[in-house]
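Based on the hints, put chain D in the right spot on chain X.
The listed protein sequences correspond, in order, to chains X and D.
The first sequence begins at 1 in the working numbering and counts up one residue at a time.
The second sequence begins at 535 in the working numbering and counts up one residue at a time.
Calculated directly from the structure, the hints in this document are not laboratory data.
The structure displayed is predicted, hence computed values, not measured ones.
There's no promise every hint is true.
[Claimed, not checked] Just the calculated beta-carbon pair ranges, DEER-fashion:
(1) X:Arg-323 to D:Ala-758: 27 to 33 Å
(2) X:Asn-458 to D:Ala-893: 39 to 45 Å
(3) X:Asp-28 to D:Asn-639: 46 to 52 Å
(4) D:Pro-570 to X:Phe-355: 39 to 45 Å
(5) X:Arg-323 to D:Leu-735: 52 to 58 Å
[To be verified] With a straight-line cut-off of 20 Å between C-alpha atoms, the simulated SDA-like cross-links for lysine to any residue are:
(6) D:Lys-856 to X:Asp-121
(7) X:Lys-157 to X:Asn-106
(8) D:Lys-856 to X:Ala-350
(9) D:Lys-587 to D:Glu-789
Each residue gets a CB set at the ideal place from its N, CA and C atoms; glycine is no exception.
Each chain, letter by letter, is given below.
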Amino acid sequence: MHRVRTTCLLAALWLGAMLLPGHGARADAFADLASPQLGAVTAAISTLAASPDPQAGAALQALGERSLFAAPDGNVYIRHGENYVEARTGQPAASVPEGMKPIRLNNRIRAALAGVQAGRDLLASQPATRLRAADALYARHDPAMLPAVEHALAVEKDAAVRTRLTEVRAATILGQPPAPDALASRLEAVRALGGVGGAQARGILAGVAASDAEAPAVRHEAQQAVSRIDWHLRAWGVAQNAFYGLSYGSVLLLAATGLAITFGVMGVINMAHGEMMMIGAYVTWMVQQAIRATVPALEPVAILVAIPVAFGVCGALGIVIERGLIRFLYGRPLETLLATWGLSLILQQAVRSIFGPTNIAVQTPGWLSGAVAVGGMDITLNRLAILVFAGLVLGGLMLVLRHTPLGLQMRAVTQNRRMAALMGIRTPRVDALAFGLGAGLAGLAGVAVSQIDNVSPNLGQSYIIDSFMVVVFGGVGNLWGTLAAALALGMGGKVLEPTIGAVSAKIAILVLVILYIQRHPRGMFPVRGRGVES
Amino acid sequence: MNPFSTHAPRSLRGVIWMAVAVVVAASCLAVASLLPEGNLLHASAFVVSLAGKYLSYAMLALAVDLVWGFAGILTLGHAAFFALGGYAMGMYLMREIGARGVYGNADLPDFMIFLSWKSLPWYWWGSEHFIWAAVLVVAVPGLLAGVFGWLAFRSRVSGVYLSIITQALTYALMLAFFQNGLGFGGNNGLTDFKDILGADLHAPHTRAVLLVVTGVLLAASLLAARFVVGGRFGNLLVAVRDAESRTRFLGYRPEQAKLLVWVFSAMIAGVGGALYVTQVGIINPGEFAPANSIESVIWVAVGGRGTLCGAVLGAILVNMGKTLFTAWLPEFWLYGLGLLFICTTLFLPNGLMGLWRHARKPPPEEVTPEVADTQGDEA
Numbered sequence: 001m002h003r004v005r006t007t008c009l010l011a012a013l014w015l016g017a018m019l020l021p022g023h024g025a026r027a028d029a030f031a032d033l034a035s036p037q038l039g040a041v042t043a044a045i046s047t048l049a050a051s052p053d054p055q056a057g058a059a060l061q062a063l064g065e066r067s068l069f070a071a072p073d074g075n076v077y078i079r080h081g082e083n084y085v086e087a088r089t090g091q092p093a094a095s096v097p098e099g100m101k102p103i104r105l106n107n108r109i110r111a112a113l114a115g116v117q118a119g120r121d122l123l124a125s126q127p128a129t130r131l132r133a134a135d136a137l138y139a140r141h142d143p144a145m146l147p148a149v150e151h152a153l154a155v156e157k158d159a160a161v162r163t164r165l166t167e168v169r170a171a172t173i174l175g176q177p178p179a180p181d182a183l184a185s186r187l188e189a190v191r192a193l194g195g196v197g198g199a200q201a202r203g204i205l206a207g208v209a210a211s212d213a214e215a216p217a218v219r220h221e222a223q224q225a226v227s228r229i230d231w232h233l234r235a236w237g238v239a240q241n242a243f244y245g246l247s248y249g250s251v252l253l254l255a256a257t258g259l260a261i262t263f264g265v266m267g268v269i270n271m272a273h274g275e276m277m278m279i280g281a282y283v284t285w286m287v288q289q290a291i292r293a294t295v296p297a298l299e300p301v302a303i304l305v306a307i308p309v310a311f312g313v314c315g316a317l318g319i320v321i322e323r324g325l326i327r328f329l330y331g332r333p334l335e336t337l338l339a340t341w342g343l344s345l346i347l348q349q350a351v352r353s354i355f356g357p358t359n360i361a362v363q364t365p366g367w368l369s370g371a372v373a374v375g376g377m378d379i380t381l382n383r384l385a386i387l388v389f390a391g392l393v394l395g396g397l398m399l400v401l402r403h404t405p406l407g408l409q410m411r412a413v414t415q416n417r418r419m420a421a422l423m424g425i426r427t428p429r430v431d432a433l434a435f436g437l438g439a440g441l442a443g444l445a446g447v448a449v450s451q452i453d454n455v456s457p458n459l460g461q462s463y464i465i466d467s468f469m470v471v472v473f474g475g476v477g478n479l480w481g482t483l484a485a486a487l488a489l490g491m492g493g494k495v496l497e498p499t500i501g502a503v504s505a506k507i508a509i510l511v512l513v514i515l516y517i518q519r520h521p522r523g524m525f526p527v528r529g530r531g532v533e534s
Numbered sequence: 535m536n537p538f539s540t541h542a543p544r545s546l547r548g549v550i551w552m553a554v555a556v557v558v559a560a561s562c563l564a565v566a567s568l569l570p571e572g573n574l575l576h577a578s579a580f581v582v583s584l585a586g587k588y589l590s591y592a593m594l595a596l597a598v599d600l601v602w603g604f605a606g607i608l609t610l611g612h613a614a615f616f617a618l619g620g621y622a623m624g625m626y627l628m629r630e631i632g633a634r635g636v637y638g639n640a641d642l643p644d645f646m647i648f649l650s651w652k653s654l655p656w657y658w659w660g661s662e663h664f665i666w667a668a669v670l671v672v673a674v675p676g677l678l679a680g681v682f683g684w685l686a687f688r689s690r691v692s693g694v695y696l697s698i699i700t701q702a703l704t705y706a707l708m709l710a711f712f713q714n715g716l717g718f719g720g721n722n723g724l725t726d727f728k729d730i731l732g733a734d735l736h737a738p739h740t741r742a743v744l745l746v747v748t749g750v751l752l753a754a755s756l757l758a759a760r761f762v763v764g765g766r767f768g769n770l771l772v773a774v775r776d777a778e779s780r781t782r783f784l785g786y787r788p789e790q791a792k793l794l795v796w797v798f799s800a801m802i803a804g805v806g807g808a809l810y811v812t813q814v815g816i817i818n819p820g821e822f823a824p825a826n827s828i829e830s831v832i833w834v835a836v837g838g839r840g841t842l843c844g845a846v847l848g849a850i851l852v853n854m855g856k857t858l859f860t861a862w863l864p865e866f867w868l869y870g871l872g873l874l875f876i877c878t879t880l881f882l883p884n885g886l887m888g889l890w891r892h893a894r895k896p897p898p899e900e901v902t903p904e905v906a907d908t909q910g911d912e913a
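Here chain X stands alone, though its shape is the one from the complex (with noise of 0.2 Å):
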């Protein structure tokens, strides 16, 4: 029954298509296949495809996969293996012509085929194969294919499919040039498309619009219908760029954290943090190394793996360094800047000695990889990813600042030093702890900046100032400072960032920062307390 309904229809298509001027017979269209005019391949491409030849089929799906050579004489061929077979009568070539040249493809041909192959699997059997078709098909909106559309939606029977097969008509009929008659169907199609919405039904609309040949009311319509786009796509491009905004503190708050512990308890800032950022990324890249070396089985948790490691590794280089060097610069704040940052140019050189000046590839899992969509916007999910780890991050410092022995005793020194002293804390085991622990954490932001960023040995520096920006910016020894300095920092540049541009943005943002630290010297959320200098 299909088919037959589908041979009649092919076979109207094919009628039309030798009424339209300039294309003859049928056996011309596989000429022109590979005549130089773009739109007479086109043209042959259409015809071939509504044609009931067997032959056509082939012919259309050897010219997709560049098997269909041209000969000088006009003939064409389907090459297969060392044969070649006339692509007009499929009979095997009795000689092969001298100077045949493959039909070559570009991006118009290519779109031509595709449009042909979706309006065949229009009627396949997989729903998902035909929805796929359908999104074909609305994308090119060609209006050769209404009747092919039609007929697929007259024998549809899944609703989602119906759903996308009516807008997709809608869009096909819009496409048409206008006619006096069609009135009521072009205004209907206006509103299916005005309900679909995105940037292609507007940009469909915003046409109808602005034709003069359209009717008062359908122009109307359009006009209304786009606006109500715009305001729909202006809505998600707000929440997408959010997005990116959290995204991008969720990262600034994890590099900053830990500097922040350490500036805030010690009152010294760690120039080698970014060092200790690096020195994480490359120990997950080993972890997934050793993994994929010894169990590949778990490749894909491997980064799981990497956290712990990478906490530890930096953790422990940091007590090192604070036992090693910091220490014997108490009260020299200036001096450990200077120190730390002659620490960092070792780092990074040993990392280079060891690893190399270029990049590394560290490994994106496949769970983390990818983008779902939600509304008009796409979620990427390494991002999200790490915006979760930052906030569990956050929350694990937290419970431990705030019930943990350490953490009583970091809050204490932070506040007060000498009454710290007094009270019987051991400063210099909490200086080593505290710093052990920023250390540690910049090895966290290591492990998630190795999925989103380059991983080489100048990885620290791109993040440093940055990192400085938010500790000075949210305060010192307030960790819902370094939050709100992250976050509004993060977004503050990608809300910037399309008015702008991105590097604008960025100065724009330091020099905001460096107004507002004139008005508010220790940031956003200062500590009080009589250990703090007025």
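Chain D only, in chain X's frame:
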């Protein structure tokens, strides 16, 4: 507690000696470069421009020492003033090229034609006059430092906070100068200079004169710096450095003292940058990189903070070391520089000058008891 003696080591004799030594050394090298090629004492063009570079860096180090050594402001952004001075001079040198550029336009530098600009932006007006360029070389860094310092010192931003926002300043400027739209050649910066005041920049005579001029200006800056920090003003600065709150309670205005020395220092850095450009022949946004600023701090630390002469010495020695290291063992230069940072801060808090003074006479016993907790001032 405080590793720096409260008596600022800034003996007039030492500074004069240093100034004379710099001028004499620069002149000797300049004369040597004019000797015929076969002569044993001939100095090649490479050596001359290298020496010019060292002396320009020494001016930057001097500027850093003024604010860090005497006013206690650890600047991590002084290379910004150096680079701004360099760009101001670079603009003049660009205009001197005139119609000899690739595109042969007498008014517009090549990169502007490349960006299809039609006319000079307003901030390039007058840049064809050397005098105006010389004014810009000191005025632009001075103005920026004035605005920045006025804001920062007035609201008592100090210590590590100040260091970090100076770093942010130079970082922001670097990003801005990388932009093509800013009108300073973007990535490539300003280069391909031909003449200065009508004299060929590549001729040995011009190079020799530039080297001597650099030496003389460095010596003059040294003496001027000594003049600023000598006497009452210098004592006030040292007081601000060591106990800012106490100085304020005594009725002084620390922010004014800091602002004055900060602006003066930025101007010296600007002159250094201008001299650097004439002898190195290129200025690009890389000069704003925060790492450059931090490196200039280590020159001062190596030579000896708060000694003026030490800054000059440190800049020359460290940069010589860098040239040699990067030629022989390029892999190890960063290790060396890193170790220099660590070892200087750990073992040589007073730098080479401290070592020198220590060798000449053992330090007097600490007579000034440290009453106050200096941590409060520095944190």
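How the hints compare with the structure:
no.	hint	in the structure
1	X:Arg-323 to D:Ala-758: 27 to 33 Å	violated, 45 Å
2	X:Asn-458 to D:Ala-893: 39 to 45 Å	holds, 41 Å
3	X:Asp-28 to D:Asn-639: 46 to 52 Å	violated, 58 Å
4	D:Pro-570 to X:Phe-355: 39 to 45 Å	violated, 51 Å
5	X:Arg-323 to D:Leu-735: 52 to 58 Å	holds, 53 Å
6	D:Lys-856 to X:Asp-121	violated, 69 Å
7	X:Lys-157 to X:Asn-106	violated, 36 Å
8	D:Lys-856 to X:Ala-350	holds, 18 Å
9	D:Lys-587 to D:Glu-789	violated, 33 Å
Violated hints for the displayed structure, listed by number in ascending order: 1, 3, 4, 6, 7 and 9.
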